[in-house]
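J.: What follows is each chain in one-letter form.
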Amino acid sequence: MSGTITKVSGPLVVAEGLADANVSDVVRVGSQRLIGEILNMTGDSASIQVYEETSGLGPGAVVETTGMPMSVELGPGMLDNIYDGIQRPLPEMRALSGDCITRGTDVAPLNREKKWDFVPVAKPGDQVIPGDVLGTVQETSAILHKIMVPYGVEGEVLSVASGEHVVTDVIATVKDKKGKIHELPMFQRWPVRVARPYTRKYVPSRPMNSGQRIIDTLFPIAKGGTAAVPGPFGSGKTVVQHQLAKWSDVDIVIYIGCGERGNEMTDVLMEFPELKDPRNGEPLMKRTVLIANTSDMPVAAREASIYTGITIAEYFRDMGYDVAVLADSTSRWAEALREMSGRLEEMPGEEGYPAYLASRLAQFYERAGVVECLGADDRQGSVTAIGAVSPPGGDISEPVSQATMRIVKVFWALDSSLAYARHFPAINWLTSYSLYLDTLAPWYTKEFGEGYMQNRSKAMHILQEESELQEIVRLVGQDALSPADRLTMETAKSIREDFLQQNAFVDEDAYSSYLKQYKLMDLVLRFDSLCRDALQKGADMDKLFTIPARERVGRAKMADVKVFEKDFAEIEAQMKREIEEVIAGGEDA
Amino acid sequence: MIKEYKTIREIASPLMIVEHVEGVTYDELGEIELPSGQKRRCKVLEVEGDRAVVQLFESAQGINLAESKVRFLGHPQQLAVSEDMLGRVFNGMGEPIDGGPAILADAHKDINGLPMNPAARAYPAEFIQTGVSTIDGLNTLVRGQKLPIFSGSGLPHAALAAQIARQAKVLGDDETFAVVFAAIGITFEESEYFINDFRRTGAIDRTVVFSNLANDPAVERIATPRVALTAAEYLAFEKGMQVLVIMTDITNYAEALREVSAAKKEVPGRRGYPGYLYTDLATLYERAGRRQGKKGSITMIPILTMPEDDKTHPIPDLTGYITEGQIILSRELHRKGIVPPVDVLPSLSRLKDKGIGVGKTREDHAGTMNQLFAAYSRGKDAKELMTILGEAALSEDDKLFAKFADEFERRYVSQGNSTNRSIIETLDLGWELLKILPRRELKRIKPEMIEKYLPKED
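Protein chains in written order, with our numbering: chain A, 1347 to 1935; chain B, 1408 to 1865.
What the hints contain is simulated information worked out from the structure, not anything from laboratory work. Just so you know, even glycine gets a beta-carbon here, dropped at the ideal spot from N, CA and C. The reader is advised that the hints may include incorrect statements.
To be verified - With the Cβ distance kept under 7 Å, some of the chain A side facing chain B (calculated, not the full set):
| # | residue |
| --- | --- |
| 1 | Asp1613 |
| 2 | Val1645 |
| 3 | Gly1739 |
| 4 | Ile1742 |
What the hints assert, rightly or not - Computed list of lysine-lysine pairs in PhoX-like fashion (alpha-carbon distance at most 25 Å, straight line):
| # | chain 1 | residue 1 | chain 2 | residue 2 |
| --- | --- | --- | --- | --- |
| 5 | B | Lys1850 | A | Lys1922 |
| 6 | A | Lys1889 | B | Lys1842 |
| 7 | B | Lys1853 | A | Lys1353 |
| 8 | B | Lys1702 | B | Lys1790 |
| 9 | A | Lys1912 | B | Lys1850 |
| 10 | B | Lys1767 | A | Lys1839 |
| 11 | B | Lys1806 | A | Lys1839 |
| 12 | A | Lys1839 | B | Lys1672 |
| 13 | A | Lys1912 | B | Lys1806 |
| 14 | A | Lys1839 | B | Lys1850 |
Said to hold, decoys possible - Restraint-style ranges between C-beta atoms, simulated for each label pair:
| # | chain 1 | residue 1 | chain 2 | residue 2 | range |
| --- | --- | --- | --- | --- | --- |
| 15 | B | Pro1845 | A | Leu1490 | 34 to 42 Å |
| 16 | A | Lys1889 | B | Thr1826 | 20 to 28 Å |
| 17 | A | Leu1781 | B | Gly1797 | 40 to 48 Å |
| 18 | B | Ala1669 | A | Glu1696 | 39 to 47 Å |
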């Protein structure tokens, strides 16, 4: 089925003679066979968004529909790979067309030649339903890829292969109730704009360990939860996203570089194979899929990249894995939406964004969650979605930030003034929030006792008080404060500098286990409680604040993973001793 | 055979509509021949059926609907490139204006370039010594980075950019370098300032100048940075040169873009700029970088003036989201006589971490950098408090921090436009300033570094 172009305006092409095509079909445009997708139909003419640069296209060129919606291929070979927004593998495109991305390059998403060792799980004669595992493939050293019965196929297994196969080989045949025989290859296709089905959805109840102290201790996120990281440029959004991609205790990470810098993707590509997962020692790249549609790549493919990413995430979730999707940045995605909407001459909503912006964003985040997967074995998987937001001028009153805040449960607000003071991660503790605290508190209590959450609320209380006291200091100076209030200020400073600040570029500090976070917070708060006692006993305030142990508290976070407990105990003992001395000194005088 | 059309239906500068065209494609370059025989350039923005919307690069003055002829050339705008471009001056469309001969083209390149495959990029990691402490020490520039200067009207950004162009070098390296200078809608005087500086230092022979001055056609400015970057890409990736691209002023570029967008009656985004400003700027800035297996590199220093010194204005804002950091100039420091008036705290180089440290600069670099930032930030807070409440309200420590902030601005930031400090001098100066502070406050630096580098009390 083919039509002819009547209009070209940037990435928007209008073609007529496509009466039989469906909305959302993928089409091939012009002699270079550029990839496009049908957005609207009027009569027999279709508005098409083209995922590649349209320079050189003109009326009269041919448009062919493939009859299929925009889909991804799901199977072994996705991990440790980097794709563009429409799932074309970038290393293979480079091999084919050089350092720059040329148009009309056609590469299969999954390598057709690579052989995988398929280990069957199902046996002939088994009754299978969608989601049941037919067999497994050790995709990378870190991840066992489960080949599942695709959605819509149900019945009796007639045959299962085993041994070395390429993804297109038939590895099982299934006969359904009507007697139709389905030949199943190792991969399946799924339309990206449709959420993959599951049996049941649950409320998230386990925390995702990110190794970042301000996140894990103050504003935790649940596995299967949603979070947004808004911040002006230079506030460290990308570093936060990279840290999460590196250290989160999930099985799979999908990192979507959506309309961001090319060098950032290169950074991930170079760094991740070197970094080891702190839990199993495997290179992090072995559990990562990268989707890179950088800002200079065609804008329409940027719109698709978010969907490509979340669909791949859902597929791994269906195997029973915990998956994290990191999208940097959703604002660029929204801008791509705005650009296409403008070219379609739609009536704009706020700031030129289309009126459906909020509902599209909600649809994306709603694909996160903890689910019971399809299949008979009741396995559970989760998709955690974390999106960076880049509000113009850092002002979160703009439509993308506002629409996102209505949906997500965790909000890590980055603050440029913290970034200027080189307080990283520059997450503001007064404006951020996590709505998972109540559901996650029982987990923390079970693992570490009541102390963890008590410390948290105490720390939050002190930080809150500090901001009020700072107002007073600004008006009348520090001397007007009572010793107790001065102590609150000192402790708050210690929480900020010795606990919340975390250097992503120092190995000892980049990742903090829960236990280390707990003990470190304990240490910082111990100073507060000891000093409060001491002040009661009339100890000299300035001497208390300058005891040498405080310098050691300041360096405590750098302690090695293996020895930190011993270190912290020593520091605490020293702190006690020195405070005692100050008290004794006070009595002598 | 190229067809000629005499079917111009409408002209509303900078747009023109031509009817009854055949075989015209999107983004194609065209040529208009006036009755006087004069020729002007244009490009196709939209084709619908047999009707083409065309954007003029020059003024519409003198175009006559009945007599003027339009030809479409069958390809997008191209630039003839060759190594002979070095030392020459071109207009904003890439035509020689220095009276010299036309360039014998080695190749013709589409000025829009192609997006670089992220898998083909090499991560920028080679330290460039600019000799400016605030850049080398605190916001380190590396080869292949794009680091804009955010300036304001009346601030001396030209002096800083010229200083960088003059002093920049990679330590222990003698590869061929080249400068590509794109003047985008700036005044004759500012352009001459750069060219004279290049001439004075002899850099002019290694420089390609693309000049679209304030009185040149505004719409031509949309092509100027693309033309310049096409030349830079050729020199860097085909001739293996280390290219420094200076583009000034991006604000004029964005305004030209807004002018065309408004003429096309597009739905405007913030402040009337088109919704695709981010994407458009990205297609310029992202052309900087290094490629795996290629010797050359493009390092880019775009300059823009922030309207009303407002960093949240769409042009600096979107630029900051694309570039790898920014150097911000401060009017307050300029008034205080600090040269160059670099506002250290909001300035940033995102790629510094890979360009510093052992084997690149010195092992203490990262720690002292963070410490200087944190101390200056605290010192500025203390000084602010001091202006409200008086010196007596400050704690002893805060008084030291306030003193540090003053000294830091006076000695570290204000080095003048002709001092060329080596990275070692910059780092040592940093330590000398940190000596002002109590040692227990130097939490960002490892103790062994303090032991090794902190100047001892005499």
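J.: Hint by hint, note whether the structure agrees.
T.: A quick look at each hint next to the structure:
{"no.": "1", "hint": "Asp1613", "in the structure": "6 Å, holds"}
{"no.": "2", "hint": "Val1645", "in the structure": "5 Å, holds"}
{"no.": "3", "hint": "Gly1739", "in the structure": "3 Å, holds"}
{"no.": "4", "hint": "Ile1742", "in the structure": "12 Å, violated"}
{"no.": "5", "hint": "Lys1850(B) x Lys1922(A)", "in the structure": "22 Å, holds"}
{"no.": "6", "hint": "Lys1889(A) x Lys1842(B)", "in the structure": "23 Å, holds"}
{"no.": "7", "hint": "Lys1853(B) x Lys1353(A)", "in the structure": "64 Å, violated"}
{"no.": "8", "hint": "Lys1702(B) x Lys1790(B)", "in the structure": "48 Å, violated"}
{"no.": "9", "hint": "Lys1912(A) x Lys1850(B)", "in the structure": "21 Å, holds"}
{"no.": "10", "hint": "Lys1767(B) x Lys1839(A)", "in the structure": "34 Å, violated"}
{"no.": "11", "hint": "Lys1806(B) x Lys1839(A)", "in the structure": "18 Å, holds"}
{"no.": "12", "hint": "Lys1839(A) x Lys1672(B)", "in the structure": "54 Å, violated"}
{"no.": "13", "hint": "Lys1912(A) x Lys1806(B)", "in the structure": "37 Å, violated"}
{"no.": "14", "hint": "Lys1839(A) x Lys1850(B)", "in the structure": "13 Å, holds"}
{"no.": "15", "hint": "Pro1845(B) x Leu1490(A): 34 to 42 Å", "in the structure": "55 Å, violated"}
{"no.": "16", "hint": "Lys1889(A) x Thr1826(B): 20 to 28 Å", "in the structure": "45 Å, violated"}
{"no.": "17", "hint": "Leu1781(A) x Gly1797(B): 40 to 48 Å", "in the structure": "45 Å, holds"}
{"no.": "18", "hint": "Ala1669(B) x Glu1696(A): 39 to 47 Å", "in the structure": "20 Å, violated"}
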